[in-house]
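J.: Make a model of the complete structure from these sequences and hints.
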Amino acid sequence: MRFTKDHEWVVLDGDVATIGITAYAAEQLGDVVFVEVPEVGRKLTPGDGLAVVESVKAASDVYSPLAGEVTEANTALTGQPDVVNASPEGEGWFAKLKIADVAAFEALMDRAAYEDYLGTL
Amino acid sequence: MPPTSLLDLKSTPLTAAHEALGARMVEFGGYAMPVQYPDRVLKEHLWTREHAGLFDVSHMGPAFLRLSRTTGDPDADHAAIAALLEPLISGDIRGLAPGRLRYTLLLGEDGGVLDDLMVGRPREAGLQGVLHLVVNAGTKEADFARIAAAVQGQATLTRADTGGLLALQGPEAAAVVGSLIPQAASMSFMSLARIEAGDQEAWVSRSGYTGEDGFEILSAAFPTQQLWEILLSDPRVRPIGLGARDSLRLEAGLPLYGHDLDESVSPIEANLGFAVSRKRVKAGAMRGAVRIARELAEGPARVRVGLSVVGAPAREGAEIAGADGLIVGRVTSGGFSPSLGRPIAMGFVPPALSQPGTALHVIVRGKPQACEVTELPFVPHRYVRAV
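Respectively, the protein sequence lines represent chains A and B. Under our numbering, the residues of the first sequence are numbered 1 to 121, in order. Under our numbering, the residues of the second sequence are numbered 1 to 387, in order.
Everything labelled a hint here was simulated from the structure, so no lab data went into it. Among the hints, a few may not be true.
Claimed, not checked - List time: in silico DSS-like cross-link candidates among lysine-lysine, alpha-carbon distance up to 30 Å:
id : chain 1 : residue 1 : chain 2 : residue 2
1  : A       : K98       : A       : K43
2  : A       : K43       : B       : K367
3  : A       : K96       : A       : K5
4  : A       : K98       : B       : K367
5  : A       : K5        : B       : K367
6  : A       : K96       : B       : K367
7  : B       : K10       : B       : K43
8  : A       : K96       : A       : K43
9  : A       : K5        : A       : K98
10 : A       : K5        : A       : K43
Predicted model only: the values in this text are computed from it and were never measured.
T.: Structure follows, in structure tokens:
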């Protein structure tokens, strides 16, 4: 698992990256009440909007940390947005992306580096 | 916001208690206040609707307005203090019965709303010529200065925001408060009582900002801290943050100053005509009387409505569009309704589009979403009017 400073996590299986938000991000957001996931087939470059997460108080954009094409979106979150709170780093994933640049994945923070980063916040 | 800036904020007698409970603290009206406890907004909201939620609202602006020279005639003294306050507000205070509380609006010269507030008349014969006020946190400095200047030489305004103000809200609030303060259980909604315990006094009103039955209790710092602990030791009571206070008041259709109300909005546009004394409008004895009279007769240019939203929550600032796609208004408060399990909002639209059932759109992140004008409140009020 790799992490970004925007509190996303990425798991790579072959050339498919699964992306979600970290437990820290879910905790900071509070109760998630609405999730918008991307359409399958959408091509994303790093920084493109991947998902929208709304908590009771505020809306947050989730940006794609990698370039790739959406192969699957977790549409179950539309009906059960609270899964993001219950299982942010598991069932609460947002989308799977077919990526070409594995090096870009490797360049993201590992868990130890992410935890060090959280310590600075 | 960096956490260090919380250090520059004002605290309440309960700031340490919130931190000990694991609350997330945020800035509100210049105070460090709990936005949620570890239960988080959804659970806190639903707990208040089902049981009793305890809120620290010590950031609000309670005050007492006292006639400088009383005659000893209770009715004359009340009439005199009412006559001093009424020119600033929309409501009838002269006709307020002893021990009653009224929601009213502080008005600007053109009839715009400068604040919304509660005005209470003490029940005690010896306290006639005194009014109990509670104004909003973010506006209290300006309000107090405005009121004090207007009554100068004839009455004095004494702030009471150095102690604590608690709100206990929800269907079990009366049973909880009644076990501590027996006389509170027999109060009806929108009434006010002064309670003495030892050498301490407290002002208890049966009122609130959630749509539920409940009480607000003003006392000095130490009794507030004691009362907070005693109330929290009751299993029916949980602490509730400002996040749920906002979602509760939104469901109850209650406006929030600085969002649904501001100095550009008239009481009629805000759909708060119930808080406007018709007699004083007719007599021209109200700020903005000409505008308010015209809006009463011909209808306002825009009016506050409730909106049931399909899809993502529409937040404050979201544009409202008519069926033809033209922008007709703006959302002033919006979010997710925990009780209804779907998004709701309030905003201003032209009266022609204000009928419940009217289909409109809200623009969220550039995309139109369906919404429908909905009768307020979204969740019925459960005030206990007669005991």
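J.: Please work out if K10(B) and K43(B) have their alpha carbons no farther apart than 30 Å.
T.: Roughly 28 Å separates the two Cα atoms, so the pair holds.
J.: What's the verdict on K5(A) and K367(B), does the C-alpha distance respect the 30 Å limit or exceed it?
T.: holds (29 Å)
J.: Can you confirm whether the C-alpha distance between K5(A) and K98(A) stays at or below 30 Å?
T.: holds (22 Å)
J.: Taken at face value, is the distance from the CA of K43(A) to the CA of K5(A) at most 30 Å?
T.: holds (22 Å)
J.: Is it true that the CA of K96(A) sits at most 30 Å from the CA of K367(B)?
T.: Within the cut-off at roughly 24 Å; holds.
J.: Does K5(A) sit within 30 Å of K96(A), going by the straight-line distance between their CA atoms?
T.: holds (19 Å)
J.: For K96(A) and K43(A), compute the direct alpha-carbon distance and say whether it is at most 30 Å.
T.: Status holds; Cα separation ~12 Å.
J.: What's the verdict on K98(A) and K367(B), does the C-alpha distance respect the 30 Å limit or exceed it?
T.: holds (27 Å)
J.: Do the alpha carbons of K43(A) and K367(B) lie within 30 Å of each other, as the hint requires?
T.: holds (20 Å)
J.: For a C-alpha distance cap of 30 Å, please report whether K98(A) and K43(A) respect it.
T.: holds (9 Å)
The structure fails none of the hints (numbered hints given earlier).
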